[in-house]
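J.: In order, the protein sequence lines correspond to chains A and B.
FYI, this note's numbering numbers position 358 of the first sequence as 358, with every residue one higher than the one before it.
FYI, this note's numbering numbers position 1 of the second sequence as 1, with every residue one higher than the one before it.
Derived by calculation from the structure, the hints in this document are not laboratory data.
Virtual Cβ for every residue (Gly too), placed ideally from N, Cα, C.
You can take every hint at face value.
Footprint (simulated), chain A over chain B, 3 or more residues, beta carbon under 8 Å:
| no. | stretch |
| --- | --- |
| 1 | 73–81 |
| 2 | 103–110 |
| 3 | 146–153 |
| 4 | 174–186 |
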Amino acid sequence: MTIKYSEYPDEKGHFGDFGGVFASETLMHCLEELNQAYARLKNDADFLAQFNHDLADYVGRPSPLYLAERLTKQCNGAQIWLKREDLNHTGAHKINNTVGQILLAKAMGKKRIIAETGAGQHGVATATVCARMGLECVVYMGEVDIQRQAINVFRMKLMGAEVRSVDSGSKTLKDALNEAMRDWVTNVDDTFYIIGTVAGPDPYPQMVRDFNSVIGKEAKKQFAEKVGGLPDALIACVGGGSNAMGLFYPFLDDSSVSIYGVEAGGHGADTDEHAASITAGKVGVLHGNRTYVMSDDQGQIIETHSISAGLDYPGVGPEHAFLNETGRATYVTINDDEALAGFHDLTRIEGILPALESAHAIAYAQKLAATMRPEQSIIVNLSGRGDKDVHTIAALEGVTV
Amino acid sequence: MSRLAQVFARLSGQKALIPFVTAGHPHPDLTVNIMHDLVRNGADVIELGMPFSDPMADGPVIQQASEHAIKQGVGIEKTIQMVKKFREADQDTPVVLMGYLNPVECMGHERFVQQAKSSGVDALLLVDSPPEESSELLQQLKTNDLEQIFLIAPTTTDARAAMICEHAAGFVYYVALKGVTGSADLDAESVNKDVKKIKQHTDLPVAVGFGVKDAKSAVAVAEVADAVVIGSALVLALGACKDSNEASQVIANFIKPIRSALDSL
Numbered sequence: 001m002t003i004k005y006s007e008y009p010d011e012k013g014h015f016g017d018f019g020g021v022f023a024s025e026t027l028m029h030c031l032e033e034l035n036q037a038y039a040r041l042k043n044d045a046d047f048l049a050q051f052n053h054d055l056a057d058y059v060g061r062p063s064p065l066y067l068a069e070r071l072t073k074q075c076n077g078a079q080i081w082l083k084r085e086d087l088n089h090t091g092a093h094k095i096n097n098t099v100g101q102i103l104l105a106k107a108m109g110k111k112r113i114i115a116e117t118g119a120g121q122h123g124v125a126t127a128t129v130c131a132r133m134g135l136e137c138v139v140y141m142g143e144v145d146i147q148r149q150a151i152n153v154f155r156m157k158l159m160g161a162e163v164r165s166v167d168s169g170s171k172t173l174k175d176a177l178n179e180a181m182r183d184w185v186t187n188v189d190d191t192f193y194i195i196g197t198v199a200g201p202d203p204y205p206q207m208v209r210d211f212n213s214v215i216g217k218e219a220k221k222q223f224a225e226k227v228g229g230l231p232d233a234l235i236a237c238v239g240g241g242s243n244a245m246g247l248f249y250p251f252l253d254d255s256s257v258s259i260y261g262v263e264a265g266g267h268g269a270d271t272d273e274h275a276a277s278i279t280a281g282k283v284g285v286l287h288g289n290r291t292y293v294m295s296d297d298q299g300q301i302i303e304t305h306s307i308s309a310g311l312d313y314p315g316v317g318p319e320h321a322f323l324n325e326t327g328r329a330t331y332v333t334i335n336d337d338e339a340l341a342g343f344h345d346l347t348r349i350e351g352i353l354p355a356l357e358s359a360h361a362i363a364y365a366q367k368l369a370a371t372m373r374p375e376q377s378i379i380v381n382l383s384g385r386g387d388k389d390v391h392t393i394a395a396l397e398g399v400t401v
Numbered sequence: 001m002s003r004l005a006q007v008f009a010r011l012s013g014q015k016a017l018i019p020f021v022t023a024g025h026p027h028p029d030l031t032v033n034i035m036h037d038l039v040r041n042g043a044d045v046i047e048l049g050m051p052f053s054d055p056m057a058d059g060p061v062i063q064q065a066s067e068h069a070i071k072q073g074v075g076i077e078k079t080i081q082m083v084k085k086f087r088e089a090d091q092d093t094p095v096v097l098m099g100y101l102n103p104v105e106c107m108g109h110e111r112f113v114q115q116a117k118s119s120g121v122d123a124l125l126l127v128d129s130p131p132e133e134s135s136e137l138l139q140q141l142k143t144n145d146l147e148q149i150f151l152i153a154p155t156t157t158d159a160r161a162a163m164i165c166e167h168a169a170g171f172v173y174y175v176a177l178k179g180v181t182g183s184a185d186l187d188a189e190s191v192n193k194d195v196k197k198i199k200q201h202t203d204l205p206v207a208v209g210f211g212v213k214d215a216k217s218a219v220a221v222a223e224v225a226d227a228v229v230i231g232s233a234l235v236l237a238l239g240a241c242k243d244s245n246e247a248s249q250v251i252a253n254f255i256k257p258i259r260s261a262l263d264s265l
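Using the sequences and the hints given, assemble the complete structure.
T.: In structure tokens form, the structure reads like this:
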């Protein structure tokens, strides 16, 4: 039987065995309200017109689809096309989702916005749209991440957001998400929670995917215009997986297109230090949905490692878990050192500084392109720019900036 | 008749006291003694927290107790073993395991249910597993005469409350406030109003928890409810105990006034 991927999730928010609503009872009613509001607005002409207008004039869309000719030449195989999400306002794909969710929050009459952030990109994207809309914004961020990402913390504060330090658990992204959930349970009447990735309880995985699917829709159209037909392969990095779902979703029912999600291999998926939930995790329940999680034999969530803070998450969006199980997408890993090499290659050969997250996708594209023919094409989601990572890279190379 | 049903039948209108403690807190060696002390001082049912790394419905006190317990190697399987040990000397007091779904998933529903049953566990309360997502586990629990306790919150609609009551067993747990465990003061008047509404949907006893912290707040909600759950305040009081004697003293001081206040109703 052919699976019609565009029809998922089902009415209960399930992607096959994954997804669902594993939330506290206090949140069940507001998730239901959110579900109804989203179901109504996602096909509403005025809402979509406003969303598309904001994407064009505020975010700067469409983002270009760029043929990386020198990188292609280096790999001596398939053409490598880059979807330039790094050129969006705030420097990454994250803004597509926050622009959409803030409109939803407004339509639902919510006065207060909360968000979680790891590296700070989603926090910045949320603070940005809150500043524009004049809404109160509280961002939860792990104590460890606050230290690692001082510049993004300052950016959020400049835009008027309050950044609350989270010192529970591992003091990183997963704990920030827990703390945001606790805030939401407490302030459920007037607060809208903008989740930054395709995880969380239904409807978040589908909603964040839909707002980001502008990436794939544009890429499909641009490719048809520039090359004709469909690309042979898509590649994107996967932490929670929102940039990847955004690129993949419009192509899921095009069976000729191979799809690759690149997880963070850290020091190696066979070591204890990585963030490859699909490749090396197991099925579990975390942050409101059933998916692959990194946990120990007692079901405790374990700390992950990646050179890239944005991929450093012990779960993954449930739709990715589903695509892995059905075989529609293939999930691979790229280790820290390979991602770093990809970062340097793109910077030196194309003059584009990719985010360390996106550098994982670049590194895998280099490998894959070399096995393909010159008349074939790959679209890589260049999900963010690397300016935020220059301190990390300088520190690794012993350079004082 | 299940142990829970027996307790509520025996009480026949008197109010049940349900203390919550986190397994392994303040020390794994103390937990079984703490459970016996709770019963000795007037607990009718014990809620035993299974430590989880990401307790998103819990406030700081229970978060820290869980972190502390995990560091001392206590997880779902050791928690079940503690119940087994408790059962060696107490066949009558129901034990409800409270926690989050991932450890249960990780253990596997079947293995969890078998071990829980053979160790003398009576019921399971999972904060992040509403009835809609519980059908498979619920089936396994029922087959083994274990009960799944469900929560109803101030935000739960009347229609939803009716649906939850349909699936509920043991007792219905009303969350007294919008917030995490151990939050600020509850509003007894609105709690009592909501509990009355729940009672229109079910004949099961209704327990009230989240925000109950002493004799005064316990009495205020027990006016309408059948049972009160006290967690964070007790866990906080136990935190500094270094040995069994200290824990016994803390429990006596904490539980007795609440017991006698409830009995005076």
